[in-house]
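Residues per chain are reported as follows:
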Amino acid sequence: MEQTLAEKILARAAGKKEVSPGELINAKIDMALGNDLTAPVAIREFKKIGVEKVFDRERLALIPDHFIPNKDIQSAELAGVLRRFARQQEIVHYYEVGRMGIEHALLPELGLTLPGEVIVGADSHTCTYGALGAFATGVGSTDLAAVMATGELWFRVPPTIRIVFHGQLPPWISGKDLILYTIGQLGVDGARYAALEFCGPVIEKLEMDARFTIANMAIEAGAKAGLIAPDEITFEYLAGRAQRPYTALHGDVGAPVSQEFNWDVSTLEPQVSLPSSPANARPVTAAAGTAIDQVVIGSCTNGRMDDLRQAATLLKGRQVHPRVRLIVIPATQAIYLQALQEGLLETFIRAQAVVSTPTCGPCLGGHMGILAAGEVAVATTNRNFTGRMGHRGSQVYLAGPAVAAASAVAGEITHPAALQEVN
Amino acid sequence: MRTFRGKVWTFGDDIDTDAILPARYMNSPDPRELARHCMEDADPSFMEKISPDDIIVAGKNFGCGSSREHAPLAIREAGIACVIAGSFARIFYRNAINIGLPILESPDAAAFLEEGCTAEVNLQTGEIMDLASGRKFSAAAFPSFMQEIMAQGGLINFVKGKV
Ligand code: SF4
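Protein chains in written order, with the working numbering: chain A, 1 to 423; chain B, 1001 to 1163.
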């Protein structure tokens, strides 16, 4: 029987020749992840199990990134739990402030998430690593505790939904627009329990940064994983980076899927998801003119080099609208440094943006840019649920970096091309 | 596994984890502290209204969004006896089973039960009854593997038995 990429990876991790959707399996975990919010709960549960050591000190990454640098005393205590556990267990991949970055940008950058692997993280956006052809999925803290003790976890094999993008990408369209469009079409539970596989000529030409953005938001359609088959672009990205040997896997041609969608994106407009659901995706023109108070460019969705470059292209020689606060957050220290070397940070600062050290920060309403009641933001993040970025009376519009940067200058939601015409 | 009666509190479709337990309260891992903010961004007065053994009834895709286990922990510690929904988001479903928060999937019951009514739930059989009308619904059965986890009081005990 032909198998999809997700099925192939799970079969291998379960030590089986093949698996089929619905089957319950026990899979070996290649990499596990916890952060400053979810790992303390996992550590508490791990201690109840009664094993001394984690299953493999090189395969558990602990990344303080959410309320980091510590935003208050309670957050400092949580970070302390992580730090002490990492030291005591001699965890290899613990990254302290100054070395850390947002987990889903940092782990791939360090070559710790690889094709063909099964990766779990106590964070829903763990699905990001699917961009490399891994089966990566978010779990809760208790699941992570079980993995820390045993190196294994149970899964129900998901059916695969195939998304095929055709055509030629118009200007200003990036990975974010493709995934917002997808979620708009599927709805927030359209892929519930399923694996999304993105493919076709448009995906084949996309660079890794855009692929990470797409896989990152698979969970926003309810998916268990979002996968892109590894190819030359993937292998080039991994060259000199991969920290373990790996075996890339590919789905069989003609493998049965539960649904398939074919979309021509040649005339797609930049997408914006209106409050308060990522599935409220609309062409940017539908929201154009909406006055805004804040713009956030960053997060595990759009805080990578290509995102910052796109934003800088629009901000160069311009200034953020006097009514707007623009906050730019490079996702990792390496990205921060590269942005510095390329002169992007200077562009941002001259445009009167705030540039922050890597952190999740405002993405989840943590710190570094919380919204007051009645305020409206455009963010390159992945969720715009009620209260996500602050007060429950605030609103978030999701967009890619081009729309976000253009809107910051215009003071209202704007098509990037419109900005270029005025100036 | 027990049978109980509780007052029903209804919510709509796609109730996300930010509504169940806003991230701003996640700087504490203490379940009792989390419970004080249960459902706060969906209904700010929720915690003032409820009594032990009350039941949350929601539409489809309950618990979508983040993987935070803090969300089902807050519901459990708030004294909610179980959540009945049309469907559950994947990670929330796993988390609830892992931490021992009873959940029941029944689109029919979720559509029928109204705010303020009293429902009787048998967790063993998955039978849900609206007390006033006597209407009965049955929730989808869990696979035996998950029943085993639940019978042992959650995943930690289950794993403990294996290592
Ligand atoms: S950037 Fe936002 S979505 Fe990504 S891991 Fe951090 S809080 Fe979660």
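These aren't lab readings, by the way, just hints derived from the structure by calculation. Each hint should be verified, as a subset may be incorrect.
Taking lysine-lysine and the DSBU-like style, the derived pairs with C-alpha atoms no more than 35 Å apart in a straight line are [said to hold, decoys possible]: (1) Lys1162(B) - Lys28(A); (2) Lys1162(B) - Lys16(A); (3) Lys28(A) - Lys17(A); (4) Lys316(A) - Lys28(A); (5) Lys16(A) - Lys1049(B); (6) Lys1136(B) - Lys1162(B); (7) Lys316(A) - Lys71(A); (8) Lys53(A) - Lys1160(B); (9) Lys48(A) - Lys1162(B); (10) Lys17(A) - Lys1160(B); (11) Lys1007(B) - Lys16(A); (12) Lys16(A) - Lys47(A); (13) Lys1162(B) - Lys17(A); (14) Lys28(A) - Lys48(A); (15) Lys47(A) - Lys71(A); (16) Lys1136(B) - Lys47(A); (17) Lys48(A) - Lys1160(B); (18) Lys53(A) - Lys1049(B); (19) Lys48(A) - Lys1136(B); (20) Lys1007(B) - Lys48(A); (21) Lys1160(B) - Lys28(A); (22) Lys1049(B) - Lys71(A).
As the structure is a prediction and not an experimental result, all values here were calculated from the model.
Quick rundown of the hints versus the structure:
Restraint check: the Cα-Cα separation between Lys1162(B) and Lys28(A) comes to about 15 Å, which is no more than 35 Å; the hinted pair holds. The suggested pairing of Lys1162(B) with Lys16(A) holds, with an alpha-carbon distance near 21 Å, which does not exceed 35 Å. Of the supplied pair hints, the one linking Lys28(A) and Lys17(A) holds, its CA atoms being roughly 15 Å apart against a limit of 35 Å. A threshold of 35 Å between alpha carbons decides the hint, and for Lys316(A) with Lys28(A) the separation of about 48 Å lies outside it, so the pair is violated.
The straight-line distance between the Cα atoms of Lys16(A) and Lys1049(B) is roughly 51 Å, outside the 35 Å bound, and the hint therefore fails. For the hint pairing Lys1136(B) with Lys1162(B), the CA-to-CA distance comes to about 38 Å; that exceeds 35 Å, so the pair is violated. Only pairs whose Cα atoms come within 35 Å are accepted, and Lys316(A) paired with Lys71(A) is accepted, the gap being roughly 31 Å. As the CA atoms of Lys53(A) and Lys1160(B) are separated by approximately 14 Å, the hinted pair is consistent with the 35 Å bound.
With a C-alpha separation of about 13 Å, the suggested pairing of Lys48(A) with Lys1162(B) holds against the 35 Å cut-off. Only pairs whose Cα atoms come within 35 Å are accepted, and Lys17(A) paired with Lys1160(B) is accepted, the gap being roughly 29 Å. For the given pair, Lys1007(B) sits about 47 Å from Lys16(A) by alpha-carbon distance, which is inconsistent with the 35 Å threshold. Taking the CA atoms of Lys16(A) and Lys47(A), the gap is near 31 Å; set against the 35 Å cutoff, the hint holds.
Pair hint Lys1162(B) plus Lys17(A) holds up; C-alpha atoms about 25 Å apart against a cutoff of 35 Å. Using a Cα cut-off of 35 Å, the hinted pair Lys28(A) and Lys48(A) holds, with the two alpha carbons roughly 22 Å apart. Of the pairs offered as hints, the one joining Lys47(A) and Lys71(A) holds, with about 27 Å between alpha carbons and a cut-off of 35 Å not exceeded. Taken as a hint, the Lys1136(B) and Lys47(A) pair is broken in the structure, with Cα atoms around 42 Å apart against an allowance of 35 Å.
In summary, the hint linking Lys48(A) to Lys1160(B) is supported, as the alpha carbons are separated by about 8 Å, within the 35 Å threshold. With a C-alpha separation of about 44 Å, the suggested pairing of Lys53(A) with Lys1049(B) is violated against the 35 Å cut-off. Only pairs whose Cα atoms come within 35 Å are accepted, and Lys48(A) paired with Lys1136(B) is rejected, the gap being roughly 39 Å. Taking the CA atoms of Lys1007(B) and Lys48(A), the gap is about 34 Å. The hint holds against a cut of 35 Å.
With a C-alpha separation of about 18 Å, the suggested pair Lys1160(B) and Lys28(A) falls inside the 35 Å cut-off, and the hint holds. Under the criterion of a C-alpha separation no larger than 35 Å, the hint pairing Lys1049(B) with Lys71(A) is consistent with the structure, at around 32 Å.
Figure legend: structure checked against the earlier numbered hints; hints not met, in rising order: 4, 5, 6, 11, 16, 18, 19.
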